[in-house]
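Work out the full structure: start from the sequences and follow the hints.
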Amino acid sequence: AQSVSQHNHHVILSEAASLELGCNYSYGGTVNLFWYVQYPGQHLQLLLKYFSGDPLVKGIKGFEAEFIKSKFSFNLRKPSVQWSDTAEYFCAVNPIGGGADGLTFGKGTHLIIQP
Amino acid sequence: EAGVTQFPSHSVIEKGQTVTLRCDPISGHDNLYWYRRVMGKEIKFLLHFVKESKQDESGMPNNRFLAERTGGTYSTLKVQPAELEDSGVYFCASSQVFTGELFFGEGSRLTVL
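For the protein sequence lines, the chains are A and B, in the order given. The opening position of the first sequence corresponds to residue 202 in the numbering used here, with each subsequent residue numbered one higher. The opening position of the second sequence corresponds to residue -16 in the numbering used here, with each subsequent residue numbered one higher.
In case anyone wonders, no lab produced these hints; they're calculated from the structure. If you're wondering where the values come from, they're calculated on a predicted model, not measured in any experiment. Check the hints yourself; a few may be wrong.
Unchecked claim - Selected chain A positions facing chain B (in silico; Cβ < 8 Å):
1) 245
2) 247
3) 250
4) 303
5) 304
6) 306
7) 307
Using N, Cα and C, we set each Cβ at its ideal position, and we do this for glycine too.
Here is the structure:
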């Protein structure tokens, strides 16, 4: 079965710092990849997704992620974080043609931005 | 457009009792999913409906959990009898097509004492 590993469970940064959250998955076939975000008191929402094509994808609020197939990675980046980016971030994988129907999520990363 | 709504937002019950969680997907979304997050752990897939049919229920923990989606609209997830380890946040999500882009509700937090 596929699995998703997020390297950091808690990250604390100051405003304007650069952000990179690691995500690796284990599945040998084709995958769709996602980053979801949950702001305090809100529902999970899609930040960005990769299905095919350009491996560098851009999402909402200045976030981007790069799919590196050889490394089974889909790291999330943002050049300059803001206090409003404080949230929990989830990487998720949907294998194409295999595994359960649903997304497989990582354990999440709590990101705290200090003003 | 209304999003995915879940009810109740929080339920506290005693071990052995029954709880029913409800999910109303976005109108027109044939795909409906249930997920669960136990504290400190990852969000785990429970099952997937396409309209009223269970497409995949491989994530359901055991037969104390029963999900239904009569008429292909809203869905219920019943836990009977509840155990301590059932505590967690139950998320519902829906999608129009099976693209993997899911729209989530705010979750129902279940606490079993």
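Hint check results:
1. For residue 245 of chain A, the interface hint holds, the least distance from its beta-carbon to any beta-carbon of chain B being 4 Å, beneath 8 Å.
2. For residue 247 of chain A, the interface hint holds, the least distance from its beta-carbon to any beta-carbon of chain B being 6 Å, beneath 8 Å.
3. At about 6 Å, the closest approach between the beta carbon of residue 250 of chain A and any beta carbon in chain B falls short of 8 Å, and the interface hint on this residue holds.
4. Below 8 Å, beta-carbon pairs count as interface contacts, and residue 303 of chain A has one with chain B at about 3 Å; its hint therefore holds.
5. At about 7 Å, the closest approach between the beta carbon of residue 304 of chain A and any beta carbon in chain B falls short of 8 Å, and the interface hint on this residue holds.
6. Annotation: interface hint on residue 306 of chain A holds; nearest CB of chain B at approximately 4 Å, less than 8 Å.
7. Hint on residue 307 of chain A holds. Least Cβ distance to chain B is approximately 6 Å, under the 8 Å limit.
No hint from the list above goes unmet by this structure.
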